[in-house]
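For chain A, the structure is supplied; the task is to place chain B on it using the hints.
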Amino acid sequence: MAEIKWPEKRRLIGTKVPRLDGPDKATGRARYSQDINRPGMLHALILRSPYAHCRIKSLDLSQAQKAPGVRAIVTVGQVNYTAGRKEGKPGWEFPVSVTDVGRELFYHGDEILAIAADTEEHARDALRLVKIEYEQLPFIVKEETALQKRLGPSTVPGKDASNVLAGGSRTEGDPDGAKKAAEVLVKGTYGVPVITHCCLETHGLVAEWESPKSLTIWCTTQAVPGTAGQLQGFLAGHGITCSVRCITHHMGGGYGSKFGPDIQGQLAAVLALVAKAPVKLFLDRDEEHLAAGNRPSATATVTIGGSRNGTISVFEAASYGTPGVGRAAGVNIGILPYVYEVRNVRISTDIVRLNHGAARAMRAPAHPQNCFITECAVDDFANAAGLDPMEVRLKNLPQNDPAAVTKIPTSFPALRNTIYTDEIRIAAELSQWKKKWHPPGKGPTKGPWKHGIGMALHTWGGAGRADNDVFVTISSDGSVLVQCSTQDLGTGERTVLAIVVAEALGLDPKDLTVVIGESQIGRSTGSGGSTTAPGTAPAALVAAINARDELFRKVAPKLGLKPDDLVLEPNKITDKASGKTFTWRQFCARLGVDTVRGQGNWIPGLSNLGVGGVQVAEVWVDTETGVVRLDKIVAVQDCGMVINKLACESQVAGGVIMGINLAMFEEMIVDEQTGRMVNPDFEFYKLGGMLDMPEIIVHMHDMPERGVIGIGEPPTISTAAAIGNAICNALGVRVPRTPFSPDRVLAALHARK
Amino acid sequence: MKNFTYYRPLSLEAAVALLDNRWGTTELLAGGTDLLDLQKEYIAQPDKVVSLTFIQDPVFTRIEVPQILPGTKPTVSIGAAVKIADIAEHAELKNLFPALTDAAAQVGGPQIRNMGTLGGNLCQRNRCWYFRDEHVLCLLKGGRRCFASDGENRYHAIFTKGHPCVIVHPSTLAPALIALGASVEVVGPSGKRTIELNKFFQAPTKPDQREHVLAPNEIVVRVLIPVEGLRNASYEVRHKQSYDWPLAQAAVAFRLSGGKATNVRIVLGHVAPIPHVATEAQKVVEGQTITRELAEQAGEAATVGAAPLSQNAYKVHLVKVAVKRALLLASGAQPDWAI
Chain A
37 MAEIKWPEKR RLIGTKVPRL DGPDKATGRA RYSQDINRPG MLHALILRSP YAHCRIKSLD
97 LSQAQKAPGV RAIVTVGQVN YTAGRKEGKP GWEFPVSVTD VGRELFYHGD EILAIAADTE
157 EHARDALRLV KIEYEQLPFI VKEETALQKR LGPSTVPGKD ASNVLAGGSR TEGDPDGAKK
217 AAEVLVKGTY GVPVITHCCL ETHGLVAEWE SPKSLTIWCT TQAVPGTAGQ LQGFLAGHGI
277 TCSVRCITHH MGGGYGSKFG PDIQGQLAAV LALVAKAPVK LFLDRDEEHL AAGNRPSATA
337 TVTIGGSRNG TISVFEAASY GTPGVGRAAG VNIGILPYVY EVRNVRISTD IVRLNHGAAR
397 AMRAPAHPQN CFITECAVDD FANAAGLDPM EVRLKNLPQN DPAAVTKIPT SFPALRNTIY
457 TDEIRIAAEL SQWKKKWHPP GKGPTKGPWK HGIGMALHTW GGAGRADNDV FVTISSDGSV
517 LVQCSTQDLG TGERTVLAIV VAEALGLDPK DLTVVIGESQ IGRSTGSGGS TTAPGTAPAA
577 LVAAINARDE LFRKVAPKLG LKPDDLVLEP NKITDKASGK TFTWRQFCAR LGVDTVRGQG
637 NWIPGLSNLG VGGVQVAEVW VDTETGVVRL DKIVAVQDCG MVINKLACES QVAGGVIMGI
697 NLAMFEEMIV DEQTGRMVNP DFEFYKLGGM LDMPEIIVHM HDMPERGVIG IGEPPTISTA
757 AAIGNAICNA LGVRVPRTPF SPDRVLAALH ARK
Chain B
1359 MKNFTYYRPL SLEAAVALLD NRWGTTELLA GGTDLLDLQK EYIAQPDKVV SLTFIQDPVF
1419 TRIEVPQILP GTKPTVSIGA AVKIADIAEH AELKNLFPAL TDAAAQVGGP QIRNMGTLGG
1479 NLCQRNRCWY FRDEHVLCLL KGGRRCFASD GENRYHAIFT KGHPCVIVHP STLAPALIAL
1539 GASVEVVGPS GKRTIELNKF FQAPTKPDQR EHVLAPNEIV VRVLIPVEGL RNASYEVRHK
1599 QSYDWPLAQA AVAFRLSGGK ATNVRIVLGH VAPIPHVATE AQKVVEGQTI TRELAEQAGE
1659 AATVGAAPLS QNAYKVHLVK VAVKRALLLA SGAQPDWAI
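For the record, the sequence lines run as chains A and B.
Using our numbering, the first residue of the first sequence is number 37, and each one after it goes up by one.
Using our numbering, the first residue of the second sequence is number 1359, and each one after it goes up by one.
Residues on chain A that point at chain B, a partial pick, calculated with CB under 10 Å:
#1 PRO86
#2 ARG164
#3 GLY662
#4 PHE701
#5 THR710
#6 ASN715
#7 PHE720
#8 ASP728
It is worth saying that the hints were derived from the structure and are not from the lab.
Only a predicted model underlies this, so the values are computations on that prediction, with no experimental measurement involved.
Glycine residues also receive a C-beta, built at the ideal position from the N, C-alpha and C atoms.
Chain A on its own, in the form it takes in the complex:
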């Protein structure tokens, strides 16, 4: 078989194609997991720890069990209790005195049990009838407190001596010598708080057992086969052998927080089994904030030094951050200093574990934090040197790696300097940087408002991966069915598959039927690391070409033609030998009762990894009130070969909006007296609305020669740093921590006076 390549002349790929499911979503026809209702379905809710740290002293379910409509109660202790397997019983057949009493709970929102009832209201009433005696235990919910009490004792899960863990350190070159030699040396502390994913569709699922051997879940997940597999494994751990099918046709966001069934998936599956009825269990907004993942905070004291001409010679960062009860650091010392090449480096980080919900992957894990830490410091260095920060960025970019240029010329190391230089130039043009940039605090004013402009860079991977199966079926009526078990988180993945197959078969994407989000279709990988399009688009191309070849093989003999003489063009098949042409439908009709099926998996050579990205923010700051008004964000983004320019631009705009919220509004606030999050809502956990959004200008830097690279994560990374730098440019003073609320802006202004 000839090597499969992307077509040289692309009719659809790289153009703007409206997403296939747009009308369904706009009209409400699209059924999300939360829209699924099954005959006889029960509604389940979870009871959660009211305390930041406690132990269950006693647990009395008797009243709840007798409450109207209650059909099943299952505890977390029971679903975690696998010791009973040797007795041949699943965990939920053991009494709670064995499974739950004595269990320690580590945060406000930690799961205790779930109740399934005929209505949601009955389930909620029953939750309130569960009688629990708690032993309250010491907790720490503020990073500063944990750092002061570095010596412990630990209040979080695990056997560590303290809540504070060393997160690693790294030294390169001679940072002390470089600091002494530096002509310009600045030191500052920068930070971002814990924020949450805020998926508009909260976590959850509907679980239904068709038979004791077969479970179907309609689950909002970014890993369709993975979630089915995890749940199957969980049930097997309790001695239940069954197949699990996961369906996720439409999804309202995941952002890294939805890679598995989670505890609510386990509870729903067991409740449905015990109650012998389908069970719906979705989290409420407060539960979503408390227990469905968050992004670790990061705070770093950064010292950055170099020459008066802007060459950075030393970068030091002493940092910490909290993953809640989790263990994943928000500061990744491996990617600091972010983007830039610096010879002398000293970096350390502490992981501060607190009694609040655990961190999960969140859209570009660790990158927004490390970008903020680095890029704010780079601007402060440029400001101290009296230089245009854009020039300082250009001067300190990593060089194209000569070895890579020779060996793999389309790789990111071979191109990184070129990509960033091009993108900075484009961003500068689109934002009129040269005209609008001014020394900090010296820009235009309108009454009390001061103007500022700021820039930041970012990078990401976005590789394709194997184990993504796409199937293309052609029928004699000319219809084409494209199937993959992968998921569309709202990204436009469904349309990506249609574009690739339509391109290869000379058809219109609208004419294809795309079925995704069903685990039984085949293998696919979770949507993490911006890998979905680069993982599935090559598989779709292979599947389409295989289907086309099979079509030619089957039909050519019936027409007395040779398959090798056939050429496929848009809606037309031509026989090179005779010059005879067929429409697609005419040709397919010759299949008769037969169909053609092409299968494809990811192959190397069609996708790539490593992207840059540049964002410029323009702001006005009211120096009297501290209110920041965002005027414009320019986002220049590469992702190799753009498949759907429209969806890519939307992805970038969405990433920017998420970055704006990190910059301006979001913060998980946990009260030190009660250990409870005080803003598990969308009232005081703030997200920007329409009036808070600036003009967003997106430029896709298309590099088709690189193959497909993921777009989901990179565009959210540098927005907050760019806004922070713009505010600093406006005021001539650094607002060191997000969100850039009026109190923080005023504090920075008043500190200068």
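Below, chain B alone, put in the same frame as chain A:
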């Protein structure tokens, strides 16, 4: 939420008859933008919910602007059931009382304004996140202390002296209405009475108190605003421009005669458990020509008595700016802060 019996009386009198003479067992439902949340969070657990949405009494449901003739002292009447959106968009009200209509136009979001009513806006419960968390036993829920005093208090009161509970009153219409000299007509078991709006609010300290002085079996019928030809304006500082509470608000009203401001009223919102009348600021402005300098002095004077908590000193500064800008707006100055 806890189960309840739902009533929908057809008259105010019938509604009053359904109300208990103690707090907590009955609740009034108008737009529902506050009550339903309170019930879902188990902060309100009434046995009876009395809907006001079927009462057709025009005094209760309409805006009446009388003909304004020289030498008369007309009064505008706004029914308690009037939607906030209808106040915001009312042409004559916009002309007479921009302080009120501007404040109304910025309440919540379009959904809140289209459901929420004037009466509900005045009688809504406070937004303190400790009060709204069922598991936190604060003063207003029978507990022994105010958690905000020593806790997360960035959005709480800065005029705290003598207030064991440091909520801020959530209404932005109230400061505007107080500045305009409005009063409230209420109906109870013994008929109607009228309360000056500046005496309508109280700082609650225990479960059987609300943020206002109504008896549990009284209902707001309408708000009466005298048409006195006052210059008036409201200015609020917000973190978000879409759907957010103000961090601080100032509403001002005064008579402008011969270039001098008299009958000056300056009322602050979102800085105290009740709308806060800034008497020192009023004194600064009374009888003076409003200039930028004077407006700034008034702003400074408005902060007299402020005793901020651990996280909200910034609000003291915002009060100064809000008062200055509201005064300049009302005086007809070109706002240099408009962008």
